[in-house]
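Asker: Sequence:
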Amino acid sequence: MTICFRTRRAVCVRSLATQSQPLTTKARPSVPFLSPPSSTPVSVRYFTSTRGSWIRHEVKLAARYTFTVWGMLAAGLVILFFVQEEILERDHPTPHEWTYMTRKFLRDAKELKDPRDGNIQWASALGRVRNALMRLSDPKKDGADLVALSDVTDPGLEDPAEFVPYDITAKSEEWRRGYFEAMMTAAKAAEHVDGWVLDVTRNMVSPAKFMIGPSNPNPVPIPPGAAHAPLEENCVNAFPTADRWYMKILATQGFTERQRLEAALEYASFMEFKGQAEAARSLQELALSEATKGIDAAKLPYDIKTFALKETAGSPSLNLLEVLTSIANSKARSGNISGALPVYISLLKARRGLSDERPLEPRGSSRPSAVPVHQQILNMLKPPAYPPPPPDGTRPPWRSAEERCQEASLQIYIGEILYASSSRDDGLSWTRDGVDLAEDQMRSLGVGVSGAKDASKLCRECLGAGLDNWHTMVSRLARTERAKEASGAGAGKSGMFSFWGSAQEPEGRWAAEEAVVLERVRRTKEIMEDVTPSRNFITSWFKA
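Residue numbers (numbering that gives the first Met the number 0): 0 to 543.
By construction, these hints were calculated from the structure, which means they are not laboratory data. The model shown is predicted, which means the values in this text are computed figures rather than measured ones. Please note that a few of the clues may not be correct.
Said to hold, decoys possible - Calculated cross-link-like contacts (lysine to aspartate or glutamate; reagent style EDC-like; alpha-carbon spacing at most 20 angstroms):
| hint | residue 1 | residue 2 |
| --- | --- | --- |
| 1 | Lys187 | Asp302 |
| 2 | Lys140 | Glu110 |
| 3 | Lys483 | Asp453 |
| 4 | Lys524 | Asp425 |
| 5 | Lys103 | Glu84 |
| 6 | Lys139 | Glu157 |
| 7 | Lys309 | Asp295 |
| 8 | Lys456 | Asp439 |
| 9 | Lys452 | Asp432 |
| 10 | Lys330 | Asp302 |
| 11 | Lys330 | Glu284 |
| 12 | Lys524 | Asp453 |
| 13 | Lys139 | Asp150 |
| 14 | Lys381 | Asp116 |
| 15 | Lys456 | Glu402 |
Could you put together the complete structure from these sequences and hints?
Answerer: The following block contains the structure:
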(Lines of atoms letter the chains of each structure in order from A and count residues from 1; the text may use other names and numbers.)
(Lines give C-alpha, C1' and ligand atoms only; values in the text may rest on other atoms or scores of the structure.)
Protein backbone atom coordinates (compact mmCIF):
# COMPACT_ATOMS: atom_id res chain seq x y z
CA MET A 1 0.00 0.00 0.00
CA THR A 2 1.35 3.40 -0.98
CA ILE A 3 0.50 6.67 0.90
CA CYS A 4 1.15 9.93 -0.85
CA PHE A 5 1.46 13.26 1.05
CA ARG A 6 0.69 16.38 -0.83
CA THR A 7 3.46 18.71 -0.15
CA ARG A 8 5.66 20.83 -2.32
CA ARG A 9 7.05 17.58 -3.54
CA ALA A 10 5.04 14.44 -3.81
CA VAL A 11 6.48 11.85 -1.50
CA CYS A 12 5.29 8.27 -1.70
CA VAL A 13 5.89 5.90 1.14
CA ARG A 14 5.40 2.25 0.66
CA SER A 15 3.95 -0.03 3.13
CA LEU A 16 6.25 -2.53 4.72
CA ALA A 17 3.85 -5.31 3.73
CA THR A 18 4.20 -4.59 0.02
CA GLN A 19 7.88 -3.85 -0.19
CA SER A 20 8.78 -7.51 -0.56
CA GLN A 21 6.75 -7.97 -3.73
CA PRO A 22 8.58 -7.82 -7.10
CA LEU A 23 8.20 -4.77 -9.21
CA THR A 24 7.95 -6.67 -12.50
CA THR A 25 5.31 -9.12 -13.74
CA LYS A 26 7.79 -11.57 -15.35
CA ALA A 27 8.81 -14.68 -13.46
CA ARG A 28 12.39 -15.50 -12.85
CA PRO A 29 13.81 -17.91 -15.48
CA SER A 30 14.09 -21.47 -14.23
CA VAL A 31 16.93 -23.59 -15.63
CA PRO A 32 16.37 -27.35 -15.23
CA PHE A 33 19.78 -28.18 -13.81
CA LEU A 34 19.55 -25.29 -11.31
CA SER A 35 16.01 -26.05 -10.16
CA PRO A 36 15.37 -28.54 -7.38
CA PRO A 37 13.68 -31.74 -8.57
CA SER A 38 9.99 -32.01 -8.02
CA SER A 39 8.45 -35.13 -6.54
CA THR A 40 5.08 -34.57 -8.15
CA PRO A 41 4.94 -35.73 -11.85
CA VAL A 42 4.04 -33.12 -14.39
CA SER A 43 0.96 -34.10 -16.39
CA VAL A 44 1.43 -33.71 -20.13
CA ARG A 45 -1.13 -34.52 -22.86
CA TYR A 46 0.67 -36.83 -25.31
CA PHE A 47 -2.32 -37.80 -27.49
CA THR A 48 -3.65 -34.51 -28.67
CA SER A 49 -5.91 -33.94 -31.64
CA THR A 50 -2.93 -32.86 -33.75
CA ARG A 51 -0.88 -35.91 -32.80
CA GLY A 52 -3.82 -38.25 -33.49
CA SER A 53 -4.26 -36.92 -37.01
CA TRP A 54 -0.52 -37.35 -37.60
CA ILE A 55 -0.63 -40.98 -36.43
CA ARG A 56 -3.60 -41.72 -38.67
CA HIS A 57 -1.72 -40.21 -41.61
CA GLU A 58 1.37 -42.35 -40.91
CA VAL A 59 -0.72 -45.54 -40.62
CA LYS A 60 -2.37 -44.80 -43.95
CA LEU A 61 1.02 -44.23 -45.58
CA ALA A 62 2.43 -47.47 -44.14
CA ALA A 63 -0.59 -49.46 -45.33
CA ARG A 64 -0.42 -47.83 -48.75
CA TYR A 65 3.29 -48.58 -49.19
CA THR A 66 2.89 -52.12 -47.84
CA PHE A 67 0.05 -52.98 -50.20
CA THR A 68 1.88 -51.33 -53.11
CA VAL A 69 5.14 -53.23 -52.54
CA TRP A 70 3.46 -56.59 -51.96
CA GLY A 71 1.14 -56.00 -54.89
CA MET A 72 4.05 -55.25 -57.19
CA LEU A 73 5.88 -58.33 -55.90
CA ALA A 74 2.83 -60.53 -56.46
CA ALA A 75 2.33 -59.09 -59.94
CA GLY A 76 6.00 -59.73 -60.75
CA LEU A 77 5.73 -63.34 -59.60
CA VAL A 78 2.60 -63.86 -61.68
CA ILE A 79 4.30 -62.37 -64.74
CA LEU A 80 7.39 -64.52 -64.16
CA PHE A 81 5.21 -67.63 -63.82
CA PHE A 82 3.45 -67.04 -67.11
CA VAL A 83 6.74 -66.21 -68.85
CA GLN A 84 8.12 -69.55 -67.67
CA GLU A 85 4.95 -71.27 -68.90
CA GLU A 86 5.37 -69.60 -72.29
CA ILE A 87 8.97 -70.83 -72.49
CA LEU A 88 7.87 -74.37 -71.63
CA GLU A 89 5.15 -74.17 -74.26
CA ARG A 90 7.69 -73.21 -76.90
CA ASP A 91 10.02 -76.02 -75.82
CA HIS A 92 7.25 -78.61 -75.43
CA PRO A 93 4.26 -77.54 -77.54
CA THR A 94 0.81 -78.89 -76.73
CA PRO A 95 -2.48 -78.79 -78.69
CA HIS A 96 -4.25 -75.46 -78.29
CA GLU A 97 -7.68 -77.04 -78.05
CA TRP A 98 -6.83 -78.69 -74.74
CA THR A 99 -7.68 -76.97 -71.47
CA TYR A 100 -4.97 -75.12 -69.59
CA MET A 101 -4.44 -77.69 -66.82
CA THR A 102 -4.16 -80.58 -69.29
CA ARG A 103 -1.54 -78.71 -71.29
CA LYS A 104 0.34 -77.77 -68.12
CA PHE A 105 0.44 -81.38 -66.89
CA LEU A 106 1.90 -82.58 -70.19
CA ARG A 107 4.41 -79.71 -70.37
CA ASP A 108 5.61 -80.40 -66.85
CA ALA A 109 5.92 -84.12 -67.56
CA LYS A 110 8.07 -83.50 -70.63
CA GLU A 111 10.24 -81.03 -68.75
CA LEU A 112 10.75 -83.49 -65.88
CA LYS A 113 11.63 -86.19 -68.41
CA ASP A 114 14.19 -84.07 -70.24
CA PRO A 115 15.28 -81.20 -67.94
CA ARG A 116 18.03 -78.74 -68.73
CA ASP A 117 19.96 -79.47 -65.53
CA GLY A 118 19.97 -83.23 -66.16
CA ASN A 119 18.07 -84.09 -62.96
CA ILE A 120 15.49 -86.46 -64.45
CA GLN A 121 12.51 -87.26 -62.23
CA TRP A 122 10.72 -90.20 -63.80
CA ALA A 123 8.26 -90.76 -60.97
CA SER A 124 7.08 -87.14 -60.98
CA ALA A 125 6.91 -87.15 -64.78
CA LEU A 126 4.70 -90.24 -64.76
CA GLY A 127 2.40 -88.69 -62.16
CA ARG A 128 1.95 -85.51 -64.20
CA VAL A 129 1.30 -87.26 -67.49
CA ARG A 130 -1.20 -89.62 -65.84
CA ASN A 131 -3.14 -86.58 -64.65
CA ALA A 132 -3.11 -85.25 -68.21
CA LEU A 133 -4.37 -88.55 -69.62
CA MET A 134 -7.14 -88.74 -67.03
CA ARG A 135 -8.36 -85.33 -68.15
CA LEU A 136 -8.13 -86.37 -71.80
CA SER A 137 -10.34 -89.38 -71.05
CA ASP A 138 -12.90 -87.38 -69.06
CA PRO A 139 -15.92 -86.39 -71.24
CA LYS A 140 -16.51 -83.34 -69.03
CA LYS A 141 -13.02 -81.93 -69.66
CA ASP A 142 -11.10 -82.87 -72.81
CA GLY A 143 -12.48 -86.29 -73.68
CA ALA A 144 -15.70 -85.46 -75.47
CA ASP A 145 -16.70 -87.66 -78.43
CA LEU A 146 -14.45 -90.56 -77.33
CA VAL A 147 -15.84 -94.05 -77.86
CA ALA A 148 -14.72 -96.72 -75.40
CA LEU A 149 -13.68 -99.98 -77.08
CA SER A 150 -13.85 -102.06 -73.90
CA ASP A 151 -15.77 -102.09 -70.65
CA VAL A 152 -13.07 -103.85 -68.61
CA THR A 153 -11.91 -101.64 -65.73
CA ASP A 154 -9.43 -101.99 -62.89
CA PRO A 155 -10.94 -101.03 -59.51
CA GLY A 156 -7.48 -100.98 -57.92
CA LEU A 157 -6.46 -97.86 -59.83
CA GLU A 158 -7.25 -94.26 -59.03
CA ASP A 159 -9.07 -94.10 -62.35
CA PRO A 160 -10.59 -97.56 -62.99
CA ALA A 161 -10.95 -96.77 -66.71
CA GLU A 162 -7.36 -95.57 -67.09
CA PHE A 163 -6.36 -98.38 -69.47
CA VAL A 164 -9.57 -98.62 -71.47
CA PRO A 165 -8.74 -98.09 -75.19
CA TYR A 166 -10.77 -95.55 -77.14
CA ASP A 167 -11.70 -94.73 -80.69
CA ILE A 168 -10.32 -91.22 -81.23
CA THR A 169 -11.00 -90.85 -84.95
CA ALA A 170 -13.54 -88.08 -84.25
CA LYS A 171 -10.81 -85.86 -82.81
CA SER A 172 -8.59 -83.50 -84.77
CA GLU A 173 -5.11 -84.44 -85.93
CA GLU A 174 -3.46 -82.20 -83.32
CA TRP A 175 -5.53 -83.72 -80.51
CA ARG A 176 -4.65 -87.26 -81.62
CA ARG A 177 -0.95 -86.44 -81.97
CA GLY A 178 -0.85 -84.86 -78.52
CA TYR A 179 -2.69 -87.87 -77.08
CA PHE A 180 -0.11 -90.19 -78.62
CA GLU A 181 2.77 -88.11 -77.22
CA ALA A 182 1.21 -88.21 -73.76
CA MET A 183 0.79 -91.99 -73.80
CA MET A 184 4.31 -92.57 -75.14
CA THR A 185 5.67 -90.29 -72.41
CA ALA A 186 3.78 -92.32 -69.82
CA ALA A 187 5.08 -95.60 -71.27
CA LYS A 188 8.72 -94.43 -71.31
CA ALA A 189 8.44 -93.10 -67.75
CA ALA A 190 6.86 -96.37 -66.62
CA GLU A 191 9.84 -98.26 -68.07
CA HIS A 192 12.23 -96.34 -65.81
CA VAL A 193 10.13 -96.82 -62.65
CA ASP A 194 9.44 -100.48 -63.36
CA GLY A 195 9.44 -102.39 -60.08
CA TRP A 196 9.31 -99.33 -57.83
CA VAL A 197 7.45 -99.69 -54.53
CA LEU A 198 5.21 -97.38 -52.53
CA ASP A 199 5.61 -97.16 -48.76
CA VAL A 200 2.00 -96.78 -47.65
CA THR A 201 2.98 -95.59 -44.16
CA ARG A 202 4.88 -92.57 -45.49
CA ASN A 203 3.37 -92.24 -48.98
CA MET A 204 6.86 -92.37 -50.55
CA VAL A 205 8.04 -94.18 -53.68
CA SER A 206 11.51 -95.66 -54.14
CA PRO A 207 13.28 -98.31 -56.23
CA ALA A 208 12.89 -101.85 -54.98
CA LYS A 209 16.66 -102.24 -54.55
CA PHE A 210 16.47 -100.12 -51.36
CA MET A 211 13.63 -102.13 -49.83
CA ILE A 212 14.39 -104.22 -46.74
CA GLY A 213 12.68 -107.59 -46.73
CA PRO A 214 12.90 -111.31 -47.57
CA SER A 215 12.61 -110.72 -51.33
CA ASN A 216 15.63 -108.38 -51.24
CA PRO A 217 18.21 -109.93 -48.87
CA ASN A 218 20.99 -107.53 -49.93
CA PRO A 219 19.43 -104.05 -50.14
CA VAL A 220 21.44 -101.21 -51.58
CA PRO A 221 22.40 -98.53 -49.03
CA ILE A 222 20.28 -95.41 -49.34
CA PRO A 223 21.99 -92.19 -50.50
CA PRO A 224 23.16 -89.72 -47.83
CA GLY A 225 20.44 -87.39 -46.68
CA ALA A 226 17.58 -89.58 -47.94
CA ALA A 227 14.81 -91.00 -45.80
CA HIS A 228 15.30 -94.41 -44.25
CA ALA A 229 14.76 -97.48 -46.40
CA PRO A 230 11.20 -98.83 -46.70
CA LEU A 231 10.17 -102.14 -45.19
CA GLU A 232 8.70 -104.82 -47.41
CA GLU A 233 5.63 -105.33 -45.22
CA ASN A 234 4.71 -101.67 -45.75
CA CYS A 235 5.22 -101.62 -49.53
CA VAL A 236 3.01 -102.19 -52.57
CA ASN A 237 3.60 -101.70 -56.29
CA ALA A 238 3.89 -97.99 -56.95
CA PHE A 239 3.00 -97.73 -60.66
CA PRO A 240 1.38 -99.81 -63.39
CA THR A 241 3.77 -101.61 -65.71
CA ALA A 242 4.76 -100.15 -69.07
CA ASP A 243 3.12 -103.10 -70.84
CA ARG A 244 -0.32 -101.70 -70.09
CA TRP A 245 0.49 -98.37 -71.71
CA TYR A 246 1.89 -99.96 -74.85
CA MET A 247 -1.05 -102.33 -75.12
CA LYS A 248 -3.47 -99.41 -74.81
CA ILE A 249 -1.64 -97.55 -77.60
CA LEU A 250 -1.77 -100.55 -79.93
CA ALA A 251 -5.46 -101.11 -79.14
CA THR A 252 -6.47 -97.46 -79.67
CA GLN A 253 -8.12 -96.67 -82.99
CA GLY A 254 -7.24 -93.44 -84.73
CA PHE A 255 -3.45 -93.49 -84.66
CA THR A 256 -1.45 -93.44 -87.89
CA GLU A 257 0.66 -96.33 -89.15
CA ARG A 258 3.78 -94.43 -88.19
CA GLN A 259 2.59 -94.00 -84.61
CA ARG A 260 1.63 -97.65 -84.26
CA LEU A 261 5.02 -98.63 -85.68
CA GLU A 262 6.89 -96.44 -83.19
CA ALA A 263 4.91 -97.88 -80.29
CA ALA A 264 5.51 -101.46 -81.44
CA LEU A 265 9.27 -100.92 -81.75
CA GLU A 266 9.52 -99.27 -78.33
CA TYR A 267 7.46 -102.07 -76.82
CA ALA A 268 9.73 -104.65 -78.49
CA SER A 269 12.80 -102.96 -77.05
CA PHE A 270 11.26 -103.05 -73.58
CA MET A 271 10.35 -106.72 -73.94
CA GLU A 272 13.90 -107.49 -75.04
CA PHE A 273 15.20 -105.65 -71.99
CA LYS A 274 12.92 -107.76 -69.78
CA GLY A 275 14.33 -110.93 -71.37
CA GLN A 276 11.22 -111.87 -73.36
CA ALA A 277 12.79 -112.48 -76.75
CA GLU A 278 9.75 -114.16 -78.30
CA ALA A 279 7.45 -111.28 -77.39
CA ALA A 280 9.98 -108.81 -78.79
CA ARG A 281 10.20 -110.76 -82.05
CA SER A 282 6.41 -110.81 -82.37
CA LEU A 283 6.22 -107.05 -81.89
CA GLN A 284 8.94 -106.50 -84.49
CA GLU A 285 6.97 -108.60 -86.94
CA LEU A 286 3.92 -106.46 -86.18
CA ALA A 287 5.95 -103.34 -86.92
CA LEU A 288 7.28 -104.91 -90.12
CA SER A 289 3.76 -105.66 -91.29
CA GLU A 290 2.82 -102.02 -90.63
CA ALA A 291 5.84 -100.84 -92.64
CA THR A 292 5.02 -103.06 -95.62
CA LYS A 293 1.25 -102.64 -95.57
CA GLY A 294 -0.12 -102.58 -99.10
CA ILE A 295 2.91 -104.34 -100.66
CA ASP A 296 2.45 -107.70 -102.34
CA ALA A 297 4.13 -110.56 -100.46
CA ALA A 298 5.93 -111.61 -103.64
CA LYS A 299 7.40 -108.11 -104.08
CA LEU A 300 8.73 -107.48 -100.59
CA PRO A 301 11.90 -105.34 -100.67
CA TYR A 302 13.72 -107.59 -98.19
CA ASP A 303 14.64 -111.25 -97.84
CA ILE A 304 12.08 -112.91 -95.59
CA LYS A 305 14.75 -115.23 -94.12
CA THR A 306 17.72 -112.93 -93.54
CA PHE A 307 15.82 -109.59 -93.45
CA ALA A 308 18.52 -108.09 -95.69
CA LEU A 309 17.33 -105.52 -98.21
CA LYS A 310 17.33 -106.50 -101.86
CA GLU A 311 19.53 -104.37 -104.09
CA THR A 312 16.94 -104.40 -106.87
CA ALA A 313 14.11 -103.16 -104.65
CA GLY A 314 14.96 -99.47 -104.95
CA SER A 315 15.00 -96.94 -102.14
CA PRO A 316 13.18 -98.29 -99.06
CA SER A 317 10.77 -96.25 -96.97
CA LEU A 318 11.72 -94.65 -93.68
CA ASN A 319 9.47 -97.03 -91.75
CA LEU A 320 11.11 -100.08 -93.32
CA LEU A 321 14.60 -98.77 -92.60
CA GLU A 322 13.81 -98.26 -88.92
CA VAL A 323 12.16 -101.66 -88.49
CA LEU A 324 15.02 -103.55 -90.14
CA THR A 325 17.55 -101.60 -88.07
CA SER A 326 15.70 -102.62 -84.91
CA ILE A 327 15.72 -106.27 -86.01
CA ALA A 328 19.46 -106.13 -86.75
CA ASN A 329 20.15 -104.57 -83.35
CA SER A 330 18.20 -107.34 -81.64
CA LYS A 331 20.21 -109.97 -83.47
CA ALA A 332 23.50 -108.30 -82.55
CA ARG A 333 22.54 -107.97 -78.88
CA SER A 334 21.52 -111.62 -78.71
CA GLY A 335 24.91 -112.70 -80.11
CA ASN A 336 23.77 -113.55 -83.65
CA ILE A 337 26.40 -111.36 -85.32
CA SER A 338 26.46 -113.50 -88.45
CA GLY A 339 22.78 -112.71 -88.95
CA ALA A 340 23.07 -109.03 -88.04
CA LEU A 341 26.04 -108.19 -90.28
CA PRO A 342 24.28 -108.76 -93.67
CA VAL A 343 21.34 -106.64 -92.53
CA TYR A 344 23.63 -103.80 -91.43
CA ILE A 345 25.54 -103.85 -94.72
CA SER A 346 22.34 -103.84 -96.80
CA LEU A 347 20.96 -100.96 -94.72
CA LEU A 348 24.16 -98.96 -95.18
CA LYS A 349 24.05 -99.47 -98.95
CA ALA A 350 20.42 -98.40 -99.05
CA ARG A 351 21.05 -95.26 -96.99
CA ARG A 352 24.01 -94.26 -99.14
CA GLY A 353 21.80 -94.58 -102.20
CA LEU A 354 19.24 -92.07 -100.92
CA SER A 355 18.81 -88.68 -102.54
CA ASP A 356 20.95 -85.77 -101.32
CA GLU A 357 18.29 -83.19 -102.18
CA ARG A 358 15.60 -82.11 -99.78
CA PRO A 359 12.12 -83.01 -101.07
CA LEU A 360 9.90 -80.15 -102.14
CA GLU A 361 7.63 -78.82 -99.42
CA PRO A 362 3.88 -78.65 -100.02
CA ARG A 363 2.65 -75.41 -101.50
CA GLY A 364 1.93 -72.82 -98.87
CA SER A 365 4.10 -74.43 -96.18
CA SER A 366 7.33 -72.61 -97.02
CA ARG A 367 8.40 -69.78 -94.75
CA PRO A 368 9.42 -66.34 -95.98
CA SER A 369 13.15 -65.81 -96.30
CA ALA A 370 13.23 -62.59 -94.27
CA VAL A 371 10.84 -61.57 -91.49
CA PRO A 372 10.59 -57.86 -90.57
CA VAL A 373 11.62 -56.81 -87.09
CA HIS A 374 8.15 -55.67 -86.08
CA GLN A 375 6.73 -59.02 -87.22
CA GLN A 376 9.31 -60.85 -85.12
CA ILE A 377 8.22 -58.84 -82.07
CA LEU A 378 4.57 -59.63 -82.76
CA ASN A 379 5.42 -63.32 -83.17
CA MET A 380 7.05 -63.29 -79.74
CA LEU A 381 3.85 -61.94 -78.20
CA LYS A 382 1.58 -64.43 -79.96
CA PRO A 383 1.21 -68.01 -78.69
CA PRO A 384 3.42 -70.43 -80.64
CA ALA A 385 1.70 -72.49 -83.29
CA TYR A 386 1.50 -76.24 -82.84
CA PRO A 387 4.15 -77.86 -85.06
CA PRO A 388 3.04 -79.53 -88.29
CA PRO A 389 2.78 -83.32 -88.39
CA PRO A 390 6.01 -85.23 -89.08
CA PRO A 391 6.42 -87.41 -92.20
CA ASP A 392 4.32 -90.55 -92.22
CA GLY A 393 7.37 -92.68 -93.09
CA THR A 394 5.90 -94.24 -96.23
CA ARG A 395 8.43 -92.51 -98.51
CA PRO A 396 12.21 -92.81 -98.68
CA PRO A 397 14.02 -90.18 -96.60
CA TRP A 398 16.66 -87.86 -97.97
CA ARG A 399 20.26 -87.76 -96.72
CA SER A 400 19.85 -85.09 -94.09
CA ALA A 401 22.22 -84.65 -91.16
CA GLU A 402 20.11 -87.02 -89.09
CA GLU A 403 20.19 -89.71 -91.80
CA ARG A 404 23.95 -89.33 -92.18
CA CYS A 405 24.29 -89.87 -88.45
CA GLN A 406 22.30 -93.07 -88.95
CA GLU A 407 24.89 -94.07 -91.56
CA ALA A 408 27.65 -93.36 -89.05
CA SER A 409 25.95 -95.54 -86.45
CA LEU A 410 25.70 -98.39 -88.96
CA GLN A 411 29.42 -98.07 -89.70
CA ILE A 412 30.19 -98.20 -85.98
CA TYR A 413 28.00 -101.31 -85.59
CA ILE A 414 29.76 -103.01 -88.50
CA GLY A 415 33.17 -102.07 -87.13
CA GLU A 416 32.31 -103.51 -83.72
CA ILE A 417 31.16 -106.79 -85.26
CA LEU A 418 34.23 -107.10 -87.51
CA TYR A 419 36.59 -106.33 -84.64
CA ALA A 420 34.99 -108.97 -82.43
CA SER A 421 34.66 -111.67 -85.11
CA SER A 422 37.13 -111.63 -87.98
CA SER A 423 39.49 -108.72 -88.64
CA ARG A 424 40.57 -106.18 -86.05
CA ASP A 425 42.08 -103.87 -88.64
CA ASP A 426 38.86 -103.81 -90.65
CA GLY A 427 36.85 -103.19 -87.51
CA LEU A 428 39.04 -100.25 -86.57
CA SER A 429 38.80 -98.84 -90.09
CA TRP A 430 34.98 -98.96 -90.06
CA THR A 431 34.92 -97.39 -86.59
CA ARG A 432 37.22 -94.54 -87.64
CA ASP A 433 35.05 -93.78 -90.66
CA GLY A 434 31.93 -93.76 -88.51
CA VAL A 435 33.49 -91.38 -85.98
CA ASP A 436 34.66 -89.04 -88.75
CA LEU A 437 31.20 -88.93 -90.32
CA ALA A 438 29.44 -88.36 -86.99
CA GLU A 439 31.83 -85.56 -86.03
CA ASP A 440 31.42 -83.85 -89.41
CA GLN A 441 27.64 -83.88 -89.10
CA MET A 442 27.81 -82.73 -85.49
CA ARG A 443 29.95 -79.75 -86.42
CA SER A 444 27.74 -78.91 -89.39
CA LEU A 445 24.70 -78.82 -87.12
CA GLY A 446 26.40 -76.55 -84.61
CA VAL A 447 25.91 -76.34 -80.85
CA GLY A 448 22.57 -75.34 -79.36
CA VAL A 449 20.70 -75.17 -82.66
CA SER A 450 17.02 -75.25 -81.73
CA GLY A 451 15.75 -76.50 -85.05
CA ALA A 452 17.99 -79.58 -85.08
CA LYS A 453 17.58 -80.80 -81.52
CA ASP A 454 16.74 -84.41 -82.42
CA ALA A 455 19.49 -84.65 -85.03
CA SER A 456 22.06 -83.18 -82.63
CA LYS A 457 21.07 -85.63 -79.93
CA LEU A 458 21.38 -88.58 -82.33
CA CYS A 459 24.76 -87.42 -83.66
CA ARG A 460 26.03 -86.78 -80.14
CA GLU A 461 25.07 -90.29 -79.03
CA CYS A 462 26.59 -91.80 -82.18
CA LEU A 463 29.84 -89.87 -81.78
CA GLY A 464 30.12 -90.80 -78.11
CA ALA A 465 29.56 -94.50 -78.81
CA GLY A 466 32.07 -94.44 -81.68
CA LEU A 467 34.77 -92.77 -79.58
CA ASP A 468 34.21 -95.24 -76.74
CA ASN A 469 34.46 -98.22 -79.11
CA TRP A 470 37.54 -96.80 -80.81
CA HIS A 471 39.27 -96.16 -77.48
CA THR A 472 38.41 -99.64 -76.19
CA MET A 473 39.71 -101.34 -79.33
CA VAL A 474 42.97 -99.38 -79.44
CA SER A 475 43.55 -99.76 -75.69
CA ARG A 476 43.39 -103.53 -75.96
CA LEU A 477 45.76 -103.56 -78.92
CA ALA A 478 48.16 -101.20 -77.14
CA ARG A 479 48.10 -103.39 -74.03
CA THR A 480 48.90 -106.45 -76.13
CA GLU A 481 51.63 -104.51 -77.90
CA ARG A 482 53.28 -103.49 -74.64
CA ALA A 483 53.17 -107.07 -73.40
CA LYS A 484 54.87 -108.27 -76.59
CA GLU A 485 57.52 -105.57 -76.29
CA ALA A 486 58.22 -106.55 -72.70
CA SER A 487 58.55 -110.25 -73.59
CA GLY A 488 60.67 -109.41 -76.65
CA ALA A 489 63.02 -107.25 -74.62
CA GLY A 490 63.54 -110.07 -72.13
CA ALA A 491 64.28 -112.57 -74.90
CA GLY A 492 66.69 -110.13 -76.59
CA LYS A 493 68.80 -109.83 -73.47
CA SER A 494 69.19 -113.60 -73.15
CA GLY A 495 70.11 -114.24 -76.82
CA MET A 496 73.57 -113.46 -78.23
CA PHE A 497 72.56 -112.81 -81.87
CA SER A 498 69.01 -111.55 -81.38
CA PHE A 499 69.61 -108.60 -83.76
CA TRP A 500 69.60 -111.05 -86.71
CA GLY A 501 66.01 -112.09 -85.95
CA SER A 502 62.90 -111.41 -88.07
CA ALA A 503 61.63 -107.86 -88.61
CA GLN A 504 59.45 -106.55 -85.80
CA GLU A 505 56.24 -104.58 -86.13
CA PRO A 506 56.76 -100.80 -85.94
CA GLU A 507 57.23 -99.99 -82.28
CA GLY A 508 54.44 -98.14 -80.49
CA ARG A 509 51.90 -98.11 -83.31
CA TRP A 510 48.84 -98.76 -81.15
CA ALA A 511 50.15 -96.64 -78.29
CA ALA A 512 50.46 -93.73 -80.71
CA GLU A 513 46.92 -94.29 -81.99
CA GLU A 514 45.67 -94.45 -78.41
CA ALA A 515 47.13 -90.99 -77.86
CA VAL A 516 45.40 -89.84 -81.05
CA VAL A 517 42.05 -91.13 -79.73
CA LEU A 518 42.50 -89.30 -76.42
CA GLU A 519 43.30 -86.10 -78.28
CA ARG A 520 40.21 -86.64 -80.43
CA VAL A 521 38.08 -87.02 -77.32
CA ARG A 522 39.49 -83.78 -75.91
CA ARG A 523 38.92 -81.96 -79.19
CA THR A 524 35.29 -83.06 -79.50
CA LYS A 525 34.42 -82.26 -75.90
CA GLU A 526 33.02 -78.86 -76.86
CA ILE A 527 30.46 -80.39 -79.22
CA MET A 528 29.70 -83.41 -77.04
CA GLU A 529 28.35 -81.25 -74.23
CA ASP A 530 25.08 -79.39 -74.57
CA VAL A 531 26.06 -75.89 -73.52
CA THR A 532 22.71 -74.23 -74.14
CA PRO A 533 22.39 -71.50 -71.47
CA SER A 534 19.63 -71.90 -68.94
CA ARG A 535 16.69 -69.52 -68.99
CA ASN A 536 16.34 -68.44 -65.38
CA PHE A 537 15.98 -64.70 -66.04
CA ILE A 538 15.64 -62.84 -62.73
CA THR A 539 16.56 -65.84 -60.55
CA SER A 540 20.02 -65.96 -62.12
CA TRP A 541 20.80 -62.52 -60.64
CA PHE A 542 20.65 -63.93 -57.10
CA LYS A 543 23.04 -66.84 -57.77
CA ALA A 544 26.76 -66.71 -57.09
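Asker: Each of the hints needs a verdict: does it hold here or not?
Answerer: Structure-based check of each hint:
1. Lys187 with Asp302: Not satisfied, since the Cα-Cα distance of roughly 32 angstroms exceeds 20 angstroms.
2. Lys140 with Glu110: 23 angstroms, violated
3. Lys483 with Asp453: This hinted pair is violated, its Cα atoms lying about 45 angstroms apart.
4. Lys524 with Asp425: Given that 20 angstroms is the threshold and the Cα spacing comes to 26 angstroms, the pair is violated.
5. Lys103 with Glu84: 8 angstroms, holds
6. Lys139 with Glu157: The hint holds at about 17 angstroms.
7. Lys309 with Asp295: Given pair lysine 309, aspartate 295 holds - Cα atoms ~15 angstroms apart, limit 20 angstroms.
8. Lys456 with Asp439: 14 angstroms, holds
9. Lys452 with Asp432: Outside the cut-off at roughly 24 angstroms; violated.
10. Lys330 with Asp302: 15 angstroms, holds
11. Lys330 with Glu284: The given pair, whose Cα atoms are some 14 angstroms apart, holds under the 20 angstroms limit.
12. Lys524 with Asp453: 19 angstroms, holds
13. Lys139 with Asp150: Within the cut-off at roughly 19 angstroms; holds.
14. Lys381 with Asp116: 28 angstroms, violated
15. Lys456 with Glu402: 13 angstroms, holds
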